[in-house]
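There are 2 protein chains.
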Amino acid sequence: MCEANAYLLKEDGEEELVFENVDRVLPREDGILMEDIFGKKKILRARIKEMALVDHKIFLEAI
Amino acid sequence: MCEANAYLLKEDGEEELVFENVDRVLPREDGILMEDIFGKKKILRARIKEMALVDHKIFLEAI
Numbered sequence: 492m493c494e495a496n497a498y499l500l501k502e503d504g505e506e507e508l509v510f511e512n513v514d515r516v517l518p519r520e521d522g523i524l525m526e527d528i529f530g531k532k533k534i535l536r537a538r539i540k541e542m543a544l545v546d547h548k549i550f551l552e553a554i
Numbered sequence: 492m493c494e495a496n497a498y499l500l501k502e503d504g505e506e507e508l509v510f511e512n513v514d515r516v517l518p519r520e521d522g523i524l525m526e527d528i529f530g531k532k533k534i535l536r537a538r539i540k541e542m543a544l545v546d547h548k549i550f551l552e553a554i
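Taken in sequence, the protein lines are chains R and P. With this note's numbering applied, the first sequence closes on residue 554, and no number is skipped along the way. With this note's numbering applied, the second sequence closes on residue 554, and no number is skipped along the way.
Keep in mind that the hints were calculated from the coordinates and are not lab data. Please note that a few of the clues may not be correct.
Which copy? The list can't say, so a pair holds if one copy fits it or any two copies do.
As the list claims (entries may be wrong) - In silico DSS-like links for lysine-lysine, alpha-carbon gap of 27 Å or less:
(1) K540 / K501
(2) K531 / K501
(3) K532 / K548
None of these values were measured; they are calculated from a predicted model.
Full structure from sequences and hints, please.
Structure, rendered in structure tokens:
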């Protein structure tokens, strides 16, 4: 499997795990839609700041 | 390993493989910086349109 976990970067520098086992990601103008390997969806008002796929990490920042 | 391959979506609907074994991704205002598992870097004037991580795919569109 090659899913990743999504973390929201907070203003204080902390990383908050917001969604696990992310498979599909669709960036949109107002945010980001993510779907995990179980078909569960989540939409956040955020954008991708950085990804480190070998570490299974997607870092998001609020928009 | 959990790297992905980056494909550029062309206007005719074709997918052009532009970078393989992508590990790190940094979206920027003018484009996207990618680094593969060997440390090789590539910058494209593109943004992420969609990702299907279980399929190891990152779909980019030109900006």
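TODO: Find the hints from earlier in the document that the structure breaks and name them by number, from lowest to highest.
DONE: none
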